[in-house]
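Asks: Chains E and U, in that order, give the protein sequences.
Sequential numbering of the first sequence, starting at 1, is according to this note's numbering.
Sequential numbering of the second sequence, starting at 1001, is according to this note's numbering.
By construction, these hints were calculated from the structure, which means they are not laboratory data.
Ideal Cβ positions, reconstructed from N, Cα and C, are used throughout, including at glycine.
The reader is advised that the hints may include incorrect statements.
Unchecked claim - Partner residues are not named here, just some residues of chain U that face chain E (Cβ under 7 angstroms, in silico): (1) V1006; (2) T1105; (3) L1138; (4) M1140.
Unchecked claim - Straight-line distance between alpha carbons at most 27 angstroms, and here's what the computed BS3-like set of lysine-lysine pairs gives: (5) E:K197 <-> U:K1119; (6) U:K1128 <-> U:K1153; (7) E:K48 <-> E:K161; (8) U:K1153 <-> U:K1041; (9) E:K129 <-> E:K266; (10) U:K1128 <-> E:K189; (11) E:K123 <-> E:K249; (12) E:K197 <-> E:K241; (13) E:K192 <-> U:K1080; (14) E:K161 <-> E:K106; (15) E:K249 <-> E:K112; (16) U:K1119 <-> E:K241; (17) E:K197 <-> U:K1080; (18) E:K241 <-> E:K112; (19) U:K1128 <-> E:K192; (20) E:K192 <-> U:K1119; (21) U:K1119 <-> E:K142; (22) U:K1128 <-> E:K194; (23) E:K266 <-> E:K50; (24) E:K189 <-> U:K1150; (25) E:K112 <-> E:K266; (26) U:K1128 <-> U:K1050; (27) E:K197 <-> U:K1150; (28) E:K106 <-> E:K123; (29) E:K129 <-> U:K1119; (30) U:K1119 <-> E:K194; (31) U:K1041 <-> E:K189; (32) U:K1153 <-> U:K1119; (33) U:K1080 <-> E:K189.
To be verified - Far from chain U, by Cβ distances over 12 angstroms, these chain E residues were calculated: (34) L64; (35) R81; (36) R99; (37) D126; (38) L173; (39) H174; (40) K194.
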Amino acid sequence: MSRPPHLPDYENPPLTEVVLGMQFAPPGGYQQIYAKEVWELFRQDFPKVKEQPPLPPIFETFGLPQGPEISFGILEPTHDRFWFLSEAEDELIQFQQDRLLHNWRKVGDETKRYPRFENMIVKFEDELKRLEEYFTSFGSTKLEINQCELTYVNHILLTEKPGDNIDSWIRLLHLDNINPDNFTFVYRKIIKDKDGKPRGRLICESSTAINKSERPIIVLNITVRGAPQEPSIVSAINFIKEGREILVKSFDEITTDFAHEKWGRK
Amino acid sequence: MLSTSVFSETPSSLSNASFNMRSLNIPNARLIISEPNYDWKSNSISRLEKLIRLSLGWDGYNGQPVSLENAYFALNLLQKIYSPDVPAPQIVPGVSGDLQIEWHTHSVEIELHILAPYKVRAWILDAKSSPEGIEFDLTMDFTEVARAIKNLKERSIDTAAA
Chain E
1 MSRPPHLPDY ENPPLTEVVL GMQFAPPGGY QQIYAKEVWE LFRQDFPKVK EQPPLPPIFE
61 TFGLPQGPEI SFGILEPTHD RFWFLSEAED ELIQFQQDRL LHNWRKVGDE TKRYPRFENM
121 IVKFEDELKR LEEYFTSFGS TKLEINQCEL TYVNHILLTE KPGDNIDSWI RLLHLDNINP
181 DNFTFVYRKI IKDKDGKPRG RLICESSTAI NKSERPIIVL NITVRGAPQE PSIVSAINFI
241 KEGREILVKS FDEITTDFAH EKWGRK
Chain U
1001 MLSTSVFSET PSSLSNASFN MRSLNIPNAR LIISEPNYDW KSNSISRLEK LIRLSLGWDG
1061 YNGQPVSLEN AYFALNLLQK IYSPDVPAPQ IVPGVSGDLQ IEWHTHSVEI ELHILAPYKV
1121 RAWILDAKSS PEGIEFDLTM DFTEVARAIK NLKERSIDTA AA
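With the hints as constraints, model all of the structure from the sequences given.
Replies: Right, here's the structure in full:
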């Protein structure tokens, strides 16, 4: 699989983490005690394991335009989440009874380059197929995927140089001489199909933060999430591929020409 | 809310110093400017918590508790169709992990049968526009239901004025 030539591309993007994820109906007959068998499917490349609290189910739905949505709180999921980590801990698979996610993250001296979406999606599709084969091997059904997610986490380093302000990097902000100590913004945008019907959401979140070297950064998270047209792996992978194009174009629109130059836009 | 991102769950990777990190660490959180809701939120959550903990055979036969994914989908749906001043819905369990969300007034009736996430059978009766009731399937777009909820509110105001 090769990168679509029309997509914006950067020599050195500020990407620090990528998440590919699927949510599916809990397979019939599966119980948490089988989680070790799932780890065995991936253990050769992911020899370390960590337990994490479960992710609650999440769904993108649509209604009339309205003001701030009321938060309806959280019910308690029951199955733990497991991280299966690579030796270097720069890649991991997250698994719980209704989720499979594959993360890449920049770790260590942060010089290791992003393995690129084209490689990650091929790996992830293979991991989904292996999981589906495992579930069907003990009589459960194929994966019924109900939600797909792609997230890019960017850390944009701010310097002490004069003129290196938040709005030098983020096009949406025109702060002029305000120079705020910090900021936070979130916007959500409906993704529509060719008939104008909603099929997912783009969620963009940004805020100032301090990285582990105690240096100020802008964190820019962009997520595309929605339901695949069909609950199959093929359809879900297609959603992620289309979502990736939307996400990368949005990143290019949100960030400034100054930023593009710094990151070596091709 | 927990995140699928690993960095956002690793406090050592980002320190918040004097900056406001709330939205960074809780990427799915929504900013609540005011708290407009009254009964929907507390009633729906407490009811759904009860329904997901029903014991197997709760109906005297083989009735299953409401599935967690259906309960979450129901909450998500309710967020999208919420309208102030409309009474909280009744939430009724099905026997296969499914559930129904219902409003019944003398002029508008709404029933949403959640069979699975993105698999909803809707029935709406509006004494003015659809006195026989209309039935249709929904997946992710609940605009029609949100409109019916608004009608329910307006009909209630009309009735009160009369």
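Asks: If a hint holds in the structure, say so; if it does not, say that too.
Replies: Here's how the hints hold up against the structure:
1. For V1006 (chain U), the suggested interface contact is upheld, since its CB lies about 5 angstroms from the closest CB of chain E, less than 7 angstroms.
2. Annotation: interface hint on T1105 (chain U) violated; nearest CB of chain E at approximately 20 angstroms, more than 7 angstroms.
3. Evaluation of the L1138 (chain U) hint against chain E yields a violated restraint, the C-beta minimum of about 9 angstroms exceeding 7 angstroms.
4. Satisfaction of the interface hint for M1140 (chain U) is found here, the shortest Cβ-Cβ separation to chain E being roughly 5 angstroms, below the 7 angstroms cut-off.
5. Taking the CA atoms of K197 (chain E) and K1119 (chain U), the gap is near 16 angstroms; set against the 27 angstroms cutoff, the hint holds.
6. Under the criterion of a C-alpha separation no larger than 27 angstroms, the hint pairing K1128 (chain U) with K1153 (chain U) is consistent with the structure, at around 14 angstroms.
7. Our distance criterion of 27 angstroms between C-alpha atoms is broken by K48 (chain E) and K161 (chain E), whose separation comes to about 42 angstroms.
8. With a C-alpha separation of about 18 angstroms, the suggested pair K1153 (chain U) and K1041 (chain U) falls inside the 27 angstroms cut-off, and the hint holds.
9. Simply put, K129 (chain E) and K266 (chain E) have alpha-carbon atoms about 35 angstroms apart, too far for the 27 angstroms limit, and the pair is violated.
10. Distance check on the hinted pair: K1128 (chain U) and K189 (chain E) sit about 34 angstroms apart at the alpha-carbon level, beyond 27 angstroms; violated.
11. For the hint pairing K123 (chain E) with K249 (chain E), the CA-to-CA distance comes to about 23 angstroms; that is within 27 angstroms, so the pair holds.
12. Of the supplied pair hints, the one linking K197 (chain E) and K241 (chain E) holds, its CA atoms being roughly 19 angstroms apart against a limit of 27 angstroms.
13. As the CA atoms of K192 (chain E) and K1080 (chain U) are separated by approximately 17 angstroms, the hinted pair is consistent with the 27 angstroms bound.
14. Pair hint K161 (chain E) plus K106 (chain E) holds up; C-alpha atoms about 25 angstroms apart against a cutoff of 27 angstroms.
15. Only pairs whose Cα atoms come within 27 angstroms are accepted, and K249 (chain E) paired with K112 (chain E) is accepted, the gap being roughly 24 angstroms.
16. For the hint pairing K1119 (chain U) with K241 (chain E), the CA-to-CA distance comes to about 24 angstroms; that is within 27 angstroms, so the pair holds.
17. For the proposed pair K197 (chain E) and K1080 (chain U), the alpha carbon gap of about 16 angstroms is at most 27 angstroms, so the pair holds.
18. This hinted pair checks out: K241 (chain E) and K112 (chain E) have alpha carbons roughly 24 angstroms apart, not beyond 27 angstroms.
19. Straight-line distance between C-alpha atoms of K1128 (chain U) and K192 (chain E) comes to about 32 angstroms, which puts the hinted pair past the 27 angstroms bound.
20. Among the hinted pairs, K192 (chain E) with K1119 (chain U) is consistent with the structure: their alpha-carbon atoms are about 19 angstroms apart, no more than 27 angstroms.
21. For the hint linking K1119 (chain U) to K142 (chain E), the alpha-carbon distance of about 18 angstroms falls within 27 angstroms, and the restraint holds.
22. Pair hint K1128 (chain U) plus K194 (chain E) does not hold up; C-alpha atoms about 34 angstroms apart against a cutoff of 27 angstroms.
23. Simply put, K266 (chain E) and K50 (chain E) have alpha-carbon atoms about 39 angstroms apart, too far for the 27 angstroms limit, and the pair is violated.
24. For a cut-off of 27 angstroms, the pair hint linking K189 (chain E) to K1150 (chain U) stands: about 23 angstroms separates their Cα positions.
25. Between K112 (chain E) and K266 (chain E) the CA atoms are separated by roughly 20 angstroms; this keeps the pair inside 27 angstroms, and the hint holds.
26. For a cut-off of 27 angstroms, the pair hint linking K1128 (chain U) to K1050 (chain U) is broken: about 36 angstroms separates their Cα positions.
27. Using a Cα cut-off of 27 angstroms, the hinted pair K197 (chain E) and K1150 (chain U) holds, with the two alpha carbons roughly 21 angstroms apart.
28. This hinted pair checks out: K106 (chain E) and K123 (chain E) have alpha carbons roughly 18 angstroms apart, not beyond 27 angstroms.
29. A threshold of 27 angstroms between alpha carbons decides the hint, and for K129 (chain E) with K1119 (chain U) the separation of about 24 angstroms falls inside it, so the pair holds.
30. With a CA separation close to 22 angstroms, the supplied pair K1119 (chain U) and K194 (chain E) stays within the 27 angstroms bound.
31. For the given pair, K1041 (chain U) sits about 25 angstroms from K189 (chain E) by alpha-carbon distance, which is consistent with the 27 angstroms threshold.
32. For a cut-off of 27 angstroms, the pair hint linking K1153 (chain U) to K1119 (chain U) stands: about 26 angstroms separates their Cα positions.
33. For the hint linking K1080 (chain U) to K189 (chain E), the alpha-carbon distance of about 15 angstroms falls within 27 angstroms, and the restraint holds.
34. Chain U draws L64 (chain E) into its interface by the beta-carbon criterion, the shortest separation being 4 angstroms against a cut-off of 12 angstroms.
35. A beta-carbon of chain U comes within 12 angstroms of the beta-carbon of R81 (chain E); the shortest separation is about 8 angstroms.
36. The beta carbon of R99 (chain E) sits about 8 angstroms from the closest Cβ of chain U, which is not more than 12 angstroms, so the claim that it is off the interface is violated.
37. Residue-level check passed: D126 (chain E) sits 19 angstroms from the nearest beta carbon of chain U, beyond 12 angstroms.
38. For L173 (chain E), the non-interface assignment is confirmed: its Cβ lies about 15 angstroms from the closest Cβ of chain U, beyond the 12 angstroms cut-off.
39. Its beta-carbon lying about 20 angstroms from the closest one in chain U, H174 (chain E) satisfies the requirement of being farther than 12 angstroms from that chain.
40. With a least CB separation of 15 angstroms from chain U, K194 (chain E) remains clear of the 12 angstroms interface cut-off, as annotated.
In the structure shown, a violation is registered for the earlier hints numbered 2, 3, 7, 9, 10, 19, 22, 23, 26, 34, 35 and 36, in ascending order.
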